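Asker: Listed here are the chains, written in short residue letters.
Number of protein chains: 2
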Amino acid sequence: MMLEELVGRLSQPADSKVCLLVLDGLGGFDGMGRTSELAAANTPNLDRLAGEGCLGLHDPVAPGITPGSGAGHLGLFGYDPLAYEIGRGALSAAGVGFELRPGDVAARVNFCTLAADGTVADRRAGRLPTADNERLAGRLQAEVKIPGVEVFVRTEREHRALLVFRGEDLAPDLGDTDPQVTGVAPLEPAPRTPKATHTSEIVSSFLRQARVILDGEAANFVLLRGFDTHRAIPQFPERYGVRALAVAAYPMYVGISRLLGFTTPAAHDSPEAQIATVATRIGEFDFVFFHFKYPDSAGEDGDFARKVAAIERMDGLVPELLATGITNLLVTGDHSTPSQLAAHSWHPVPVLLWGGSAPADGITRFDEAHCRQGSIGRVRAFELMPMLLASAGRLAKYGA
Amino acid sequence: MMLEELVGRLSQPADSKVCLLVLDGLGGFDGMGRTSELAAANTPNLDRLAGEGCLGLHDPVAPGITPGSGAGHLGLFGYDPLAYEIGRGALSAAGVGFELRPGDVAARVNFCTLAADGTVADRRAGRLPTADNERLAGRLQAEVKIPGVEVFVRTEREHRALLVFRGEDLAPDLGDTDPQVTGVAPLEPAPRTPKATHTSEIVSSFLRQARVILDGEAANFVLLRGFDTHRAIPQFPERYGVRALAVAAYPMYVGISRLLGFTTPAAHDSPEAQIATVATRIGEFDFVFFHFKYPDSAGEDGDFARKVAAIERMDGLVPELLATGITNLLVTGDHSTPSQLAAHSWHPVPVLLWGGSAPADGITRFDEAHCRQGSIGRVRAFELMPMLLASAGRLAKYGA
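As you go down the protein sequences, you meet chains A and B in turn.
Just add 705 to the spot in the first sequence (first one is 1) and you have my numbering.
Just add 705 to the spot in the second sequence (first one is 1) and you have my numbering.
Misleading hints may appear alongside valid ones.
[To be verified] A few chain A residues that face chain B, going by a derived Cβ cut-off under 7 Å, partial list only:
#1 Met706
#2 Leu708
#3 Phe803
#4 Gly1061
#5 Ala1065
#6 Gly1067
#7 Thr1069
#8 Val1084
#9 Glu1088
#10 Met1092
#11 Ala1095
#12 Gly1104
Treat the hints as calculated values from the structure; they're not laboratory data.
None of these values were measured; they are calculated from a predicted model.
Where a beta carbon is used, it is the ideal one built from N, C-alpha and C, also for glycine.
Modelling step: build the complete structure from the supplied sequences, incorporating the hints.
Answerer: Take a look at the structure:
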């Protein structure tokens, strides 16, 4: 039996209001004269909760594995990411509310800029304004024609969009066309299995037409990644017996929450707006997933000071979040994004568990170094949900 | 390959005398002004062993999971409780030496007291004297009649008994009839699968008859839980290549030891009597499981001082236990039972490993806070047995 199945069986109701607060990309890279952003940040509220709760570190997937956002969040929601794979395409679809059907093939689109020699000049087309994205997505939607295949192009935000193919005998086993670096040509959508050859040809046809349609536009091509299809995944509210609310500022996090069955109001403009939603709707829910994006964005940009400021901003909002009625809180990240590396990384992520029967380690500082000393130890992300639910009185005893 | 299979393959003989000392319900709930019972206890002997050995914490099943005694002990014996499930019924049967056959359905019985309105007034019938239990079990055994089904009722101790049904097409997938609280009516034995419907009707028939037979008695009804059947489980002595002795004061712990193939003298009256058995028989054995029940009983009763006293009592007996010839010792609990919660809990359990090649952490105090700092870290219970056997020279190298 997998742990997550057991946790599902043991779920029981309680009066607690549980919150999973994800500071995206929270973890940093410290030691040897380096400081992590969390260690540098002034976080009096999180430090107070640390003293009253317990600390540790988690590996989102497994030690050494750098996760994408999908895998990172699956782990936090208590699903072993080695058992459930969700591609970026399926996440994008969920994020914009596009309902994938079995057999559909979906991919994440980046509108990009190619140089005159056909190499990638900017993978994000200068973070294309959303209005331009909508216009270009509309053109692709209207003008691309592939016999026997329906094509859907949906704007997400800035340079990001969703692409879906619907037809007979499609398979998602394709390599990304996004080379992840500039100065080289986009890749072909390479089939990874024989049955994806047909789909590869369809995607190539789409790309040839897109190249013509977008010629001369601010974004003159698209990069595709995360080919995926519809996935059946156990629903979070049923599994844990909770009424579950997700509040997030970015469509992708709305999307993964929606895939798992959370009630997902549309993406919010700010964490303050997210808190306002929690305050209004907390009475209807037992569990709140609160996603705060900015530490990751800053880390990805290599901006240490901005990541520190983002962490401090959320710290300042923690009392207001708790004041909505939250009784049990897990604060962590979906992965580390050290600004020194300007990318997601494999470093374990700080964890703070507070409230209910969570023991108090008596460590009054929330950062990587202090988390190493905490009683949670170093666990897999999917082992956190049982502790959070247990501390909130939501898990019955196993066995006689 | 599961870890436990590897450990079995690597087992080798040695001259060591290994002891697993289980202080039932050892772990507590500390911090935030709370103190754990172990931290409050004066334990000079365990503290001395702590200084000479190494410390850590274990999760009996997994982080966040509150285990019953069966799952808790399976973990300590090196079996992943997520892979082996043993119900209370099978444990009770083993405890009283009743040999379940494949197809039997067994349940743990509580003799209880119903109020005039049919609701449960006392789940334990005032901890019914064992002599009364024997008389009432005898009446049920003699007077209940179910066509085509053999019924066995066996006294355990106080209010506890074993009930076994033997017949065609029986299935153990039934819900407990014990509502776990007073003031409500006992539950019906709800079938969890279609094939258990027939068994549900048989159990209901037993309960209707029991109600009539016990009318007017000190215990006027029975509550059933942990429906289970015969389980094949790898035997401990064969797996680890040890001659294994279990000394315990309660039938259930004798029972689980017997299920796993330990040599199990009848339940003892006191830890002193258990030590006397070890002293007499140590020459015949390589491994001793020593079960000490009282910290759990006190914790369950919410009695902090009595749990402290129980821990101190066992601490005082440790030199005598070691003097029997024990060379390697693992001291821990099967789960936590904080008196503040008056119940089993999910909190990780202190671990002390001493002797042979166990490293010395140099931490001279055995309690939760110091165990957090120990070199064992926080592990699953089933990861302790390999360390205990290794420290005792009983595991060969894996691979060339």
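Asker: Evaluate each hint against the coordinates.
Answerer: Here is how each hint holds up against the structure:
1. Met706: holds (5 Å)
2. Leu708: holds (5 Å)
3. Phe803: violated (35 Å)
4. Gly1061: violated (11 Å)
5. Ala1065: holds (2 Å)
6. Gly1067: At 6 Å from the nearest chain B Cβ, Gly1067 (chain A) passes the 7 Å test, so the hint holds.
7. Thr1069: violated (11 Å)
8. Val1084: Holds, because the Cβ-Cβ distance from Val1084 (chain A) to chain B comes to roughly 6 Å (cut-off 7 Å).
9. Glu1088: At about 5 Å, which falls below the 7 Å cut-off, the nearest Cβ of chain B leaves the hint on Glu1088 (chain A) intact, so it holds.
10. Met1092: holds (4 Å)
11. Ala1095: holds (4 Å)
12. Gly1104: With Cβ-Cβ at 3 Å, under 7 Å, it holds.
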